[in-house]
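There are 2 protein chains.
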Amino acid sequence: MTEQILADAIRDMLDKGDLESVRIFIESEHPADVAHFLDTLEPAESWRLIQLLKLPDQAEIFGYLDLEHQVAVSALAGRRHLARIISEMDSDERVDLFNELPEEQREALLPALAQAEREDIRRLASYEEGTAGAIMSSDYATLTPDLTVRQAIEKLRREAPDKETIYVAYVIDDKRRLVGTVSLRELIVTPDHVRVSEIMEDDPVSGHVDEEQEEIVRKIAKYDLMALPILNGGDALVGIVTYDDAMDVAEAEATEDIHRVGSVGPIDASVRDASIRTLFSKRAPWLILLVFANIFSGAGIAYFEDTIAAYVALVFFLPLLIDSGGNAGSQSATLMVRAMATGDVAMKDWSKMLGREFLVAGALGLTMAVAVSGIGVFRGGPDIALVVALSMVVIVIVGSVIGMSLPFILSRFKLDPATASAPLVTSICDATGVIIYFTIAATILVLPAVG
Amino acid sequence: MTEQILADAIRDMLDKGDLESVRIFIESEHPADVAHFLDTLEPAESWRLIQLLKLPDQAEIFGYLDLEHQVAVSALAGRRHLARIISEMDSDERVDLFNELPEEQREALLPALAQAEREDIRRLASYEEGTAGAIMSSDYATLTPDLTVRQAIEKLRREAPDKETIYVAYVIDDKRRLVGTVSLRELIVTPDHVRVSEIMEDDPVSGHVDEEQEEIVRKIAKYDLMALPILNGGDALVGIVTYDDAMDVAEAEATEDIHRVGSVGPIDASVRDASIRTLFSKRAPWLILLVFANIFSGAGIAYFEDTIAAYVALVFFLPLLIDSGGNAGSQSATLMVRAMATGDVAMKDWSKMLGREFLVAGALGLTMAVAVSGIGVFRGGPDIALVVALSMVVIVIVGSVIGMSLPFILSRFKLDPATASAPLVTSICDATGVIIYFTIAATILVLPAVG
Chain A
13 MTEQILADAI RDMLDKGDLE SVRIFIESEH PADVAHFLDT LEPAESWRLI
63 QLLKLPDQAE IFGYLDLEHQ VAVSALAGRR HLARIISEMD SDERVDLFNE
113 LPEEQREALL PALAQAERED IRRLASYEEG TAGAIMSSDY ATLTPDLTVR
163 QAIEKLRREA PDKETIYVAY VIDDKRRLVG TVSLRELIVT PDHVRVSEIM
213 EDDPVSGHVD EEQEEIVRKI AKYDLMALPI LNGGDALVGI VTYDDAMDVA
263 EAEATEDIHR VGSVGPIDAS VRDASIRTLF SKRAPWLILL VFANIFSGAG
313 IAYFEDTIAA YVALVFFLPL LIDSGGNAGS QSATLMVRAM ATGDVAMKDW
363 SKMLGREFLV AGALGLTMAV AVSGIGVFRG GPDIALVVAL SMVVIVIVGS
413 VIGMSLPFIL SRFKLDPATA SAPLVTSICD ATGVIIYFTI AATILVLPAV
463 G
Chain B
13 MTEQILADAI RDMLDKGDLE SVRIFIESEH PADVAHFLDT LEPAESWRLI
63 QLLKLPDQAE IFGYLDLEHQ VAVSALAGRR HLARIISEMD SDERVDLFNE
113 LPEEQREALL PALAQAERED IRRLASYEEG TAGAIMSSDY ATLTPDLTVR
163 QAIEKLRREA PDKETIYVAY VIDDKRRLVG TVSLRELIVT PDHVRVSEIM
213 EDDPVSGHVD EEQEEIVRKI AKYDLMALPI LNGGDALVGI VTYDDAMDVA
263 EAEATEDIHR VGSVGPIDAS VRDASIRTLF SKRAPWLILL VFANIFSGAG
313 IAYFEDTIAA YVALVFFLPL LIDSGGNAGS QSATLMVRAM ATGDVAMKDW
363 SKMLGREFLV AGALGLTMAV AVSGIGVFRG GPDIALVVAL SMVVIVIVGS
413 VIGMSLPFIL SRFKLDPATA SAPLVTSICD ATGVIIYFTI AATILVLPAV
463 G
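First to last, the protein sequences are chains A and B.
Positions 13 to 463 (the numbering used here) are the ones given, in order, by the first sequence.
Positions 13 to 463 (the numbering used here) are the ones given, in order, by the second sequence.
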């Protein structure tokens, strides 16, 4: 059912005051759709509808709501009721909500929770943002190596309602160290009496609580895992990251990278719903920084003012030449930024990449020079054409090499390579391009170079 | 184990000619790691190592190899042997390989396959690239509504070895129409005698063979699905797309979008391994197109040549002003491109977005005007400062609105909104900026506007 039809149907029933029909209808819809609809309502209205449902459904829909909306609705729910919902939520989702609640509400809430949940929330809340610890769930199923298949299946069956997944179980020793994994698929095709230790996958792929989320996502994607087990400093199993959370992280990371390529700071919320203030604050710093970068181009032009005054026709080619350098540089930077983000290219590949960039950029520069030399002859005669063609080759090569190198340099200094955005590379290449162009012009046309 | 250590260990054993140790070692490693290592070898060497393994392991590793490497190794494998490997591969992976094989090899291969596999390959190969049909797998498990839980589990257990997943089973009627889904989790916690129809999820989320892959990925992510069932025109179940394939598609789509934002055509292969020719051909068309876009800026400047000659100081601010428009436009375009790709913003949001863009851009323009007016006074006196400040406000607003609107316009004409790349927007805004700047200058400084 499309969201619009869902929304219309619910509104219609609400208008008629038919809450019972609303309840039955909501229960029949996918919680993700219901949550998406609730996000568009006022928190009070949203809360009224949520209360119509059974507690587990309340918790599930809560987990699908926008975090901002969860907080707003939480403010309306009584402390006891909220504690019950939170107890039912997945451990990774509830800690995300908990972290967003006001200090006061958090403190009121904790005593209302059971001991185990309180500790779980405290523990999960302690990991730094961006690490595996911050997105992991503690609702995983464990087995011990000595269990028989029959016992293992029985244990998983009993624990199923409280676990995020029972399709992979983690085999641990008495110190909670991960010694293997076993899939439910393997368990159900194996005779009852076989021991878990005989069928488990030894030496499973795992992650570390402090590992970056990108790295976790990369492992899940590379090994086609349903969940990645996460270990602490003592190699004990402390959580799992499931594929669906990995997909969300991957999408958020890609959005952040794309925004950076366009010189926009990371925006957490939806662009559609972001406030004017948020959008302004994510864009203004970059624009202002770039203005100052462009002053170098201006200064370069000012330096060659006499050359320009004597040969105003040169100005015609200025945007074309310097932008070509910026465009070639943006291309190279973009390719490197993405390749570094996906792990396709690493620091050690710099020299290989540099050599190849020279060849590609040389070929591009020559092609572009041919493309513009005709216009050069037409607009300013053979001398100008020579200046323009020569400048184009040099500018495209220099621009490409700058664009290719910048992500590596940023990464070297522990900065995000994606900071090498298209506009930043363009600005740097512009300034370089001005100098290259007018230096070549001043040399070939034998004009005064210093203003 | 890191890839480097794995590679070193294998090479060491190979040097000693100890193939038996190589076999045991390879078998103990994750097939994804082994494949990643094999990708770095010559096809002949790779094929020699693959042959050491048992057939199911050969097929699994084959599926993890780069497609190009799969084709190269396939050329070395005998027809019968290749047919056996292909029979063991997942249906979606084998059709990907099949599509890449030379015509001749495909025709030789088909008769060596069993009837069912031949038909399956023919059917899957018939879907257009980019659609759900082209990535779906036909290795899904089905149940009928009348089965008891005990019978259902028994069926899944029997079929487990041939299915991509048995954790979700698709309940179909006698016309293969999808009537529900049931998870293995639900099955194992339900008493034996209950019917599948009583516990299945009715009205499950599904996709269509002709649906775009992005849409399929969006559904899997939104509903946290393990696999999405795919229906044909007659609403019959014909395949599934699993979450791991969806993750790969999502990554490839994000890469394509990022490349487009940087004005690079879509590159299928790894950037690290792409040939000079590929890189050239993905970059040159855009660079040349952008040169011609920049000719408009040049023409704009030429039109105002007299203004410039009379007031050379204006040229100092040219890069700064026009780039600010381009940068603001790039930001807006990037935000919209990504928001449209993730489904955050749709066509119908244009007017809302436009209104907000005016406010944000106005605020940005005023801020930038303040930032540059100081330099304006310093470099050219109050008149120039006024021209520069005023131009900045107008240029930033116009640039932002162009950048924001372009993805919508492209989408309206059924083009990829991501074609509104940062460099393209920059070029368009440059030309617009030149005209705005010199028009304002000519008006305020009362200079001849026409050259």
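Among the clues, some could well be false.
Because identical chains share one entry, a pair is satisfied inside a single copy or across any pair of copies.
[What the hints assert, rightly or not] Quick list of in silico lysine-lysine cross-link-like pairs, DSSO-like style, CA-CA up to 30 Å: (1) K66 to K231; (2) K66 to K234; (3) K187 to K66; (4) K426 to K66; (5) K175 to K426; (6) K167 to K231; (7) K28 to K167; (8) K28 to K360; (9) K231 to K175; (10) K28 to K187; (11) K175 to K234; (12) K175 to K364; (13) K28 to K426.
For the record, the hints were derived by calculation from the structure and aren't laboratory data.
Margin query: Please list, smallest to largest, the hint numbers that this structure does not respect.
Written below: 3, 4, 5, 7, 10, 12, 13
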